[in-house]
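Number of protein chains: 4
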Amino acid sequence: MTLKVELLAYTPGGEMLSAMAAKLTHSKSSIEELRGGDEKQLGNILRHVIKMGHESVIEHAYFTFAISGVSRALTHQLVRHRIASYSQQSQRYVESEIEYVTPPSIKAAGMEREYIDTMGKLWHIYDEFREKVPVEDARYVLPNAACTKIMVSMNARSLLNFFELRCCLHAQWEIRALAWKMLGLVRKVAPVIFENAGPPCKTKHKCPMNKKDCRWYPMDG
Amino acid sequence: MTLKVELLAYTPGGEMLSAMAAKLTHSKSSIEELRGGDEKQLGNILRHVIKMGHESVIEHAYFTFAISGVSRALTHQLVRHRIASYSQQSQRYVESEIEYVTPPSIKAAGMEREYIDTMGKLWHIYDEFREKVPVEDARYVLPNAACTKIMVSMNARSLLNFFELRCCLHAQWEIRALAWKMLGLVRKVAPVIFENAGPPCKTKHKCPMNKKDCRWYPMDG
Amino acid sequence: MTLKVELLAYTPGGEMLSAMAAKLTHSKSSIEELRGGDEKQLGNILRHVIKMGHESVIEHAYFTFAISGVSRALTHQLVRHRIASYSQQSQRYVESEIEYVTPPSIKAAGMEREYIDTMGKLWHIYDEFREKVPVEDARYVLPNAACTKIMVSMNARSLLNFFELRCCLHAQWEIRALAWKMLGLVRKVAPVIFENAGPPCKTKHKCPMNKKDCRWYPMDG
Amino acid sequence: MTLKVELLAYTPGGEMLSAMAAKLTHSKSSIEELRGGDEKQLGNILRHVIKMGHESVIEHAYFTFAISGVSRALTHQLVRHRIASYSQQSQRYVESEIEYVTPPSIKAAGMEREYIDTMGKLWHIYDEFREKVPVEDARYVLPNAACTKIMVSMNARSLLNFFELRCCLHAQWEIRALAWKMLGLVRKVAPVIFENAGPPCKTKHKCPMNKKDCRWYPMDG
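Chains as they are written, first to last, in the working numbering: chain X, 5 to 225; chain B, 5 to 225; chain W, 5 to 225; chain A, 5 to 225.
Derived from the structure by calculation, the hints contain no laboratory data.
Check each hint, because a few of them may be wrong.
[To be verified] With a Cα cut of at most 20 angstroms, we get these calculated EDC-like pairs of lysine to aspartate or glutamate: (1) W/Lys32 <-> W/Glu10; (2) W/Lys210 <-> B/Asp131; (3) A/Lys55 <-> X/Asp121; (4) B/Lys8 <-> X/Glu36; (5) W/Lys55 <-> W/Glu43; (6) A/Lys32 <-> W/Asp121; (7) B/Lys192 <-> B/Asp217; (8) X/Lys136 <-> W/Glu43; (9) W/Lys125 <-> X/Asp121; (10) A/Lys55 <-> A/Glu168; (11) W/Lys32 <-> A/Glu140; (12) X/Lys215 <-> W/Glu140; (13) A/Lys111 <-> B/Glu59; (14) X/Lys192 <-> X/Glu10; (15) W/Lys111 <-> X/Glu132.
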């Protein structure tokens with residue numbers, strides 16, 4: 005299975021809303037005046053407040069993704085992000101097809117054949133168990149690799165945090181691939197908010213973990 | 005000043021998204037299949053899951069309001085709702101015009117004249133102080149009645165909770181008026197999600213506080 | 005492996021704190037006076053506000069659990085509760101011993117032998133992979149049944165919600181067993197807060213899902 | 005009125021719990037082994053993870069404060085911190101005594117006399133209104149300066165964020181004074197967690213806002 009992520013919906017004009025919110029906090033302007041504001045000026049305000057770390061205004065911009073072709077190893081990490089909303093396909097109610105994620109390292113190690121065999125056997129046993137016990141119990145034999153589908157909504161501030169942590173080379177490879185894909189999607193519709201999104205090494209030439217052995221480690225901070 | 009509330013933005017197709025999310029959790033369907041789903045069927049699914057109390061799926065629908073003509077008495081209550089995002093006009097940075105909310109009970113008691121005088125004097129003193137001390141300190145004399153502007157974003161689940169608490173007759177009159185106006189606005193764009201929104205007496209013929217002396221108390225539960 | 009849960013820590017005097025908080029909102033009393041309050045009276049206040057649904061005051065009481073002998077099927081559900089804090093043993097960094105949870109239905113169906121064999125083979129393959137690929141990739145073959153350890157902190161309000169959902173017969177059996185054990189532990193140290201905790205059928209003789217085919221369905225509502 | 009803040013309760017052994025949580029994520033140790041761990045070693049682990057920015061483990065340490073002698077100008081800012089729990093004395097139900105906060109700048113400008121007079125008149129009018137209208141409406145004339153009491157609970161991670169923002173010279177003076185007092189209190193009981201708490205200029209020799217005109221601006225970064 006291949007990772008697939010789609011931006012299902014997002015707040016229309018979310019960047020302008022965020023800029024209006026920023027201006028509202030420091031201005032006498034009425035909502036009408038804010039709304040009629042100059043787009044370029046609002047863009048500059050938005051850029052400025054994000055740079056200053058005043059990220060609360062971008063919480064008004066909200067994004068909903070559909071994700072499939074990912075493992076439950078990935079989603080167990082994903083749902084740890086608490087400022088977000090999730091709807092995930094249930095393994096308790098939905099019978100699992102034989103669909104799984106294969107780590108690239110396993111292919112690289114020449115072990116893909118064994119991996120595929122293992123998966124085949126596991127789903128065979130799963131199907132056997134399913135005839136005797138509830139689906140929700142049969143699934144105890146299913147592997148972390150098993151594919152799942154999930155819908156995720158996050159506001160832009162929570163996304164910035166997600167990208168900071170999960171686009172990092174230190175993040176697990178599968179969720180990192182997802183994070184970069186999500187970043188690509190939101191950059192198209194909110195280019196100002198996300199222009200400096202990503203791991204701190206790329207955006208701030210800093211590494212909070214000071215991981216000098218990382219090949220992305222900032223040399224030019 | 006008069007309460008003014010506007011629905012600035014909302015998730016396009018938020019109800020269909022929520023219904024898709026509900027279906028996704030219990031179905032093998034792909035995202036594509038879910039998206040092509042029958043609208044009427046999806047509406048029924050949505051109605052069903054809300055009735056069952058499975059409200060997490062409606063978190064994918066997100067709403068942003070601009071609110072003005074409300075008192076800081078109101079906003080101090082409003083911002084207690086934590087599953088929400090706020091951007092409020094600052095009294096630290098923005099000089100306050102003489103704009104305030106007058107409680108109806110004060111008019112009814114024939115005390116509006118005295119109220120207006122008090123407000124006039126307060127802003128006069130505020131202006132005096134402002135010449136000598138920072139705006140953020142001069143505002144210590146400003147009343148709870150002083151008007152403010154605020155942008156608010158909430159997802160539909162958090163809104164349902166907000167309407168349950170704040171549309172109730174037990175809620176303070178000013179925030180109750182706001183809540184009913186907000187409910188009116190979201191009902192237009194998400195009629196299924198909000199068709200039973202409001203205080204429990206109206207929606208469930210029940211009163212969690214069992215307030216038998218309330219004129220809305222359910223007689224026909 | 006057997007489910008093991010321990011109450012590692014909790015707010016000392018959390019019930020009295022919660023009752024003080026309730027009284028504070030409606031009283032002129034100073035903190036000193038509140039603290040010197042009559043224990044029985046405070047207990048009654050606490051009982052009253054919980055009954056009225058004013059649960060915010062019990063957020064001041066906080067509980068930390070250590071949980072082990074549970075499957076990752078369980079923790080994937082557990083961490084969906086967002087008003088909580090989690091620290092979980094990582095499968096990326098820690099090599100997994102052969103430890104797993106066996107669903108009772110599998111024993112009942114006489115399939116335990118096959119289950120044990122499957123687990124044995126899986127860990128054997130896991131060990132093989134581990135020699136060639138990173139632990140974080142080898143674990144893709146590990147099953148949902150694999151044991152994990154996790155520390156969890158929740159405030160009392162979030163716990164009430166957790167118990168309402170997860171002590172329910174509709175909840176998955178493993179997390180239900182955990183929920184009842186946690187409830188047993190907190191009842192000992194906060195008997196007033198948790199005296200009516202649990203599924204709605206037990207506490208309110210109501211079923212939000214109206215599951216008439218459930219053997220716990222309330223007959224005497 | 006004078007600001008008064010008291011640490012009412014906190015998680016016993018919260019630092020050791022946090023260190024155990026940190027160790028748990030990367031270790032095979034059982035809970036028993038973790039608990040019996042060397043205190044000094046656990047302290048070092050805790051220091052290390054905080055420095056790396058892995059702050060989730062300190063969410064297990066929870067703190068409850070009682071705050072009085074503060075203005076509603078302050079609490080309106082305070083309750084904007086959403087990862088926290090609040091119980092505040094209600095102006096709807098509790099008649100307000102004449103108690104208020106006086107900004108130092110007003111004393112310094114020689115305007116204290118006028119300020120005191122204003123407050124006196126305001127409460128006089130408040131008392132007049134109270135005879136004719138509900139307390140919740142009379143309070144519309146009460147000033148931002150009016151004193152309030154509030155109980156607050158936050159976990160250590162949320163507190164670190166609170167101290168970063170509110171101990172800053174850019175924060176409003178009253179909430180800054182509160183923040184430094186709270187920091188003093190928690191440092192006594194959790195010295196490792198809070199040893200580098202405070203504004204970024206003090207803790208990291210950096211200013212996210214790059215406020216070069218600030219007298220605390222870091223010269224030696």
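Outcome of the hint check:
1. W/Lys32 <-> W/Glu10: violated (39 angstroms)
2. W/Lys210 <-> B/Asp131: Not satisfied, since the Cα-Cα distance of roughly 58 angstroms exceeds 20 angstroms.
3. A/Lys55 <-> X/Asp121: Roughly 44 angstroms between the alpha carbons, so the hint for lysine 55 of chain A and aspartate 121 of chain X is violated.
4. B/Lys8 <-> X/Glu36: The hint holds at about 12 angstroms.
5. W/Lys55 <-> W/Glu43: holds (18 angstroms)
6. A/Lys32 <-> W/Asp121: Measuring from Cα to Cα gives roughly 24 angstroms; hence the hint is violated.
7. B/Lys192 <-> B/Asp217: violated (33 angstroms)
8. X/Lys136 <-> W/Glu43: Roughly 55 angstroms between the alpha carbons, so the hint for lysine 136 of chain X and glutamate 43 of chain W is violated.
9. W/Lys125 <-> X/Asp121: holds (12 angstroms)
10. A/Lys55 <-> A/Glu168: Satisfied, since the Cα-Cα distance of roughly 15 angstroms is no more than 20 angstroms.
11. W/Lys32 <-> A/Glu140: Measuring from Cα to Cα gives roughly 15 angstroms; hence the hint holds.
12. X/Lys215 <-> W/Glu140: holds (19 angstroms)
13. A/Lys111 <-> B/Glu59: Distance ~53 angstroms between lysine 111 of chain A and glutamate 59 of chain B Cα, so the pair is violated.
14. X/Lys192 <-> X/Glu10: Roughly 12 angstroms between the alpha carbons, so the hint for lysine 192 of chain X and glutamate 10 of chain X holds.
15. W/Lys111 <-> X/Glu132: Distance of about 14 angstroms is within 20 angstroms: holds.
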